[in-house]
Amino acid sequence: MALDLGMPILVVDDYQTMVRIIRNLLKQLGFEEVDDASDGTAALARLKNRKYGLVISDWNMEPMTGYELLRHVRADEALRTTPFIMVTAESKTENVIAAKKAGVNNYIVKPFNAATLKSKIEAVCGA
Amino acid sequence: MALAKQARQAGAGSNKPTLIRELVEIADYIAHLRNEIAALRANELTRDRLPMAHEELGSVVAATAGATNSIMNTAEEILGLPDDGNYRATVEARMNDIFEACTFQDITGQRIAKVVEALRHLESRLSRFASAVKAKDKGGIDPEEVERRVRNELLLLNGPQLNGPAVAQDEIDALFA
Chain A
1 MALDLGMPIL VVDDYQTMVR IIRNLLKQLG FEEVDDASDG TAALARLKNR
51 KYGLVISDWN MEPMTGYELL RHVRADEALR TTPFIMVTAE SKTENVIAAK
101 KAGVNNYIVK PFNAATLKSK IEAVCGA
Chain B
1 MALAKQARQA GAGSNKPTLI RELVEIADYI AHLRNEIAAL RANELTRDRL
51 PMAHEELGSV VAATAGATNS IMNTAEEILG LPDDGNYRAT VEARMNDIFE
101 ACTFQDITGQ RIAKVVEALR HLESRLSRFA SAVKAKDKGG IDPEEVERRV
151 RNELLLLNGP QLNGPAVAQD EIDALFA
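So the protein sequences, as listed, match chains A and B.
Under the working numbering, think of the first position of the first sequence as 1, with each following residue one higher.
Under the working numbering, think of the first position of the second sequence as 1, with each following residue one higher.
By construction, these hints were calculated from the structure, which means they are not laboratory data.
Possibly wrong hints are sitting among the right ones.
Here are the in silico distance ranges between beta carbons for each label pair [unchecked claim]:
hint : chain 1 : residue 1 : chain 2 : residue 2 : range
1    : B       : G66       : A       : R50       : 20 to 26 Å
2    : A       : A114      : B       : V116      : 32 to 38 Å
3    : B       : D84       : A       : E32       : 32 to 38 Å
4    : A       : R50       : B       : T64       : 50 to 56 Å
5    : B       : C102      : A       : Q28       : 32 to 38 Å
6    : A       : F112      : B       : G66       : 23 to 29 Å
7    : A       : L29       : B       : R94       : 39 to 45 Å
8    : A       : E94       : B       : R148      : 16 to 22 Å
9    : B       : R120      : A       : E77       : 53 to 59 Å
Among the chain A residues that face chain B by a calculated CB cut under 10 Å, a handful are [what the hints assert, rightly or not]:
hint : residue
10   : T17
11   : Q28
12   : V34
13   : R46
14   : N49
15   : R80
16   : T93
17   : N95
18   : V96
19   : Y107
20   : I108
21   : F112
22   : K118
Note that this is a predicted model, so its numbers are computed, not measured.
Positions of the beta carbon are idealized from the N, C-alpha and C atoms, including for glycine.
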C-alpha cells in the first residue's frame, strides 16, 4: 500500500524551528497538508476539528507534554486509532517503553534525517 | 565587634569565665560571619554578574534563533529555485548567505565563555562561604523543587542527555520491531 501523500499531518512542537524542519522534510517526502501546534493542548484542539492521518509530536512541551497528548489521544474514542510518532531528545529506555505502553506507534530520536522520518512514516502508515 | 570588646574587658581576670568566654566566641563568630558574607559580595553578584549572565544567554538564544532562521530561509529559497541557467550562480550566492549566518558561532562562543566565568565565580564564592561558616544544608528539599521533580519523574521529562542520546535509534527500533 502506497503512502497517502494527501493525508493531513499534525506536527506538534514548541520550537518553531523544529516545526519548520519537520515541515520541510515532509514536503521533501511529498506531504503538503501539514498543520502544527505548539503543545499538547493546542494539538488536542486541532485534533478535535480535523481528522489527521498522522501526528508527529515532540515529548518535552508545556503545559501539556507529548506523552500526555498521546495518552489523551489513545483515551479518546474518536482519536484512538490516529497514528502517532514521537520525535524527541528523550531517549532513555524507560521513556521509550512508557511511550510504547501508552500506545505510540513509533519513536524517533533527535537529531534525525529525512530517511529516518520516511521509514517511520512508512512503518506506521503502511507502505 | 563592640560586644566582643566589652566582653573581653569584662572577662579579664574574672572568675566567671565560662559565660564571658561563650559570649566572646559568639561575638567572634558573628564577626567572622559578617566578614564571610562581605567576601561573598552578594550585591555584586546580583547587581552585575547574574544579570550579565542572563543578558548574555538571552543574546545567545536570539543569535542562534536568528542564524537558524537565516539558514532555513536560504535553504527554503534554494529548494524553490527554478531549474534554469541561473541555478548554479544563485545557489552559490545563497551558500555565501549560509556561511555568513554561521558566524554566530564565534560570537555566541564568546558570550557563553563569559557566562561560564560568572558561574565559576559564583561557585567559588559560595563554596568558600559554605566552608568558612561550616554551612550544612537544611534537611529536606524545597517544596517547589519537590513538586517539579515529581512532575518531571511522572512525565519522564529529563531533557536531552549530555553526550548524545541515552539510547540509539537502532536500539529503539528493536523495541518496536
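A quick look at each hint next to the structure:
Checked against the hint of 20 to 26 Å, the C-beta distance between G66 of chain B and R50 of chain A comes to roughly 33 Å, which is inconsistent with it. For A114 of chain A and V116 of chain B, the hinted distance range of 32 to 38 Å is satisfied, since their beta carbons lie about 35 Å from each other. The supplied range of 32 to 38 Å is broken by D84 of chain B and E32 of chain A, whose beta-carbon atoms lie about 24 Å from each other. A hinted range of 50 to 56 Å for the beta carbons of R50 of chain A and T64 of chain B is inconsistent with their spacing of about 33 Å.
For C102 of chain B and Q28 of chain A, the hinted distance range of 32 to 38 Å is not satisfied, since their beta carbons lie about 22 Å from each other. Between F112 of chain A and G66 of chain B the beta carbon distance is about 24 Å. The supplied range of 23 to 29 Å therefore holds. A C-beta distance of roughly 23 Å is found between L29 of chain A and R94 of chain B, which places it outside the suggested range of 39 to 45 Å. E94 of chain A and R148 of chain B have their C-beta atoms about 19 Å apart, which keeps the hinted 16 to 22 Å range intact.
The given range of 53 to 59 Å is respected by R120 of chain B and E77 of chain A, whose C-beta atoms sit roughly 56 Å from each other. Because the beta carbon of T17 of chain A sits about 5 Å from the nearest beta carbon in chain B, less than 10 Å, this interface hint is met. At a threshold of 10 Å, the smallest CB-CB gap from Q28 of chain A to chain B is about 8 Å, leaving the interface hint in force. Hint on V34 of chain A is violated. Least Cβ distance to chain B is approximately 14 Å, over the 10 Å limit.
Residue-level restraint check for R46 of chain A is violated (minimum Cβ-Cβ distance to chain B is 21 Å; threshold 10 Å). With 10 Å as the threshold, the beta carbon of N49 of chain A stays out of range of chain B, its nearest partner Cβ sitting at about 26 Å, so the hint is violated. Because the closest C-beta pair between R80 of chain A and chain B is about 19 Å apart, greater than 10 Å, the hint is violated. Annotation: interface hint on T93 of chain A holds; nearest CB of chain B at approximately 5 Å, less than 10 Å.
Given hint, N95 of chain A at the interface with chain B, holds; its Cβ is 5 Å from that chain's nearest Cβ, closer than 10 Å. Among the interface hints, the one on V96 of chain A holds; its C-beta lies about 5 Å from the nearest C-beta in chain B, closer than the 10 Å criterion. Below 10 Å, beta-carbon pairs count as interface contacts, and Y107 of chain A has one with chain B at about 5 Å; its hint therefore holds. The criterion of a C-beta within 10 Å of any C-beta in chain B is met by I108 of chain A, whose closest approach is roughly 7 Å, and the hint holds.
Interface restraint check for F112 of chain A: the shortest CB-CB distance to chain B comes to about 7 Å, inside 10 Å, so the restraint holds. The interface hint given for K118 of chain A is violated, since its Cβ lies 14 Å from the closest Cβ of chain B, which is over the 10 Å cut-off.
This entry does not satisfy hints 1, 3, 4, 5, 7, 12, 13, 14, 15 and 22, going by the numbered hints stated previously.
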